[in-house]
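S.K.: Start from chain A and add chain B according to the hints.
Chains as they are written, first to last, in the working numbering: chain A, 29 to 319; chain B, 967 to 1295.
Calculated from the structure, these hints are not laboratory results. No false leads were mixed into what you were given.
In silico BS3-like links for lysine-lysine, alpha-carbon gap of 30 Å or less: (1) B:Lys1023 x A:Lys202; (2) B:Lys1023 x A:Lys174; (3) B:Lys1206 x B:Lys1161; (4) B:Lys1283 x B:Lys1192.
Computed list of chain B residues with no C-beta within reach of chain A, every gap over 12 Å: (5) Arg1022; (6) Arg1129; (7) Ala1132; (8) Asp1152; (9) Arg1218; (10) Glu1241.
Ideal placement from N, C-alpha and C gives every residue a C-beta, glycine not left out.
The primary structure of each chain is shown beneath.
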Amino acid sequence: MISVKVNSKFNGEPLPLIANQMRRDAIWSIYQGRSGHPGGALSCADLLTVLFHRTMAPPKRRPDSYSDDYFVLSKGHAAPVLYAALASRGLLSRAELGQLRKLGSRLQGHPDVSRLPLVEVSTGSLGQGVSFAAGLAKAMQLDGGKDRVYALVGDGELQEGQVWEMAMFAAHHKLANFTVIVDYNKLQSDSANSEVCGLEPLADRWRAFGWRVAEIDGHDLGAIEGALEESGQAAGPQVFIAHTTKGKGVDFMEGQPLWHGSVTMSREQFEQSMTALGCGVTEIEEYGHVR
Amino acid sequence: MSAEAKANAAPALVGQQSDSLREAFGKAISQLAETDTAIVVLDADVAGGTGAHHFRKRHPDRFVQCGIAEQNMVGVAAGMAHRGLKPFVTTFAVFMMRGLEQIRLSVAYSGANVKLIASHPGLDVGPDGASAQCLEDLACMRAIPNMVVLSPCDAHEVAAATRALANYEGPAYMRTGRSPCPNVFDAEPEFTIGKGRVLREGRDLTLVGCGVMTQRALVAAEQLAKEGVSARVVHMPSIKPIDRELLIESARSTQLVVTCEDHNIIGGLGSAVAEVLSEVALVPVRRIGVEDVIGGSGEPDELAQHYGLDAVSIISKTLAFYRELNSHD
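Chain A with its partners taken away, still in its complex shape (with noise of 0.2 Å):
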């Protein structure tokens, strides 16, 4: 049903391949850069990748960027799998991913427009990447725009109260083209989130301020495919609560806070997580030459 909206590059790659690309790419990216968060980027792996090959066709109208449709990564420290997923696409290179972090480069430790504007706005400062968002789904209301506006939000995020401002907003405006994704980890910078300030009843949340709610399985990649095409169907913004695992993908970051943070990782942490992901000793040592 949806074989039509895969870029040409990826067509008939199945999912679980391209996720698995992305988690290496950011892990690496994140090693070269001598710091970044990979707990939370590991966590929206998956999400990203329904969202970049299967949900946001490819451009008519934006020959240079991923599609019609917008992503705001609103959880900005989660910048190396977006570059990731970019590159999945084709539009940035392998390459240029052991980039981040790096002076001058265009792949900022927080999503930066002015020198990357496929990322749409500049984020890293909790909060405010789903207002902008809003701002685009308004933007379209006015003007009569067919495509979708699409926001991840971190579950931590969720303490700012500029995301509770922008929930009555976008439930007030029935910004029915906009679509906001909880990337539900339970953790946070220092700990648990029910231990810093709890979310629950995180759905029960949502619904009051008046959006259309389902939770996810956030690493099931039919589930969340199947999910984002019923988006759209709702009078008003809708937001999926996708249950995640924070580091999902290299065993002994799961669930554990201490990889949400700016890390350094070893030489031997990188060669840890990429077996974990599956390389082998011959595609771990080639990893960034012959990309």
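M.R.: For chain B alone, kept in the frame of chain A given last:
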């Protein structure tokens, strides 16, 4: 004076009550939007106070009510700009500051074509008191890269500045004002971002003003002349970028520069002028403004008098600065 007589009266340089700067903005943006269909106005439930009510009435389909939620409003504006619209964000200056970090990241660092129009700056706000009197906005906005900062002085100039902003691509902040404001200009002047202008020639010293203080500086200069001190008056509506050439030329042709602003003396017009002139070390710069204190309730003219921002205060402070300077000769 009857309405008819008022309309027929010759425009005076000072003393004539005109529109408030906020009303002037509301009328100007409504007018511009007749032909510029990309203009949208965002409001945080204070349209009646910012002049945006004129736009809401004329262009309800392009008026975006955001509720009392300034952080979100700033972000929404950035998103709308990304789609090619020209958002004008309107609220009181002090509430615009609630979105300061959003202004920094979503607007300025992102280079979004968003215009921030702040009514109710300074002590000119009056009886609402300190919580509503923004004395820090020029300093904060000026410190943000990419941000243009304007403070025009009368209704005619607000109209011209609004037009300039609609034609300028990039982030900008403009102060309007709450109180009815005497006209400085007889008609809409030319307005160029980055340019100031000499309103009165003088040999001894230069008064540099912005916003409502320019008209007071003109009144002061008139009186100073009677005291035997010839004051040049420079109006500097563009605080960033500032008109370096005009400031340096003024400093070269007079002995003292005195800045006048309805703002904390830290970080605003006075600081901007001092930054330019300290690099060329020509003449002393003295700053008139609110002396790093919090304001309070009172009528605008009472507050101006109490905190030393009225024309009488400008005269006495300027004379003191000038005499102090010459006593050292």
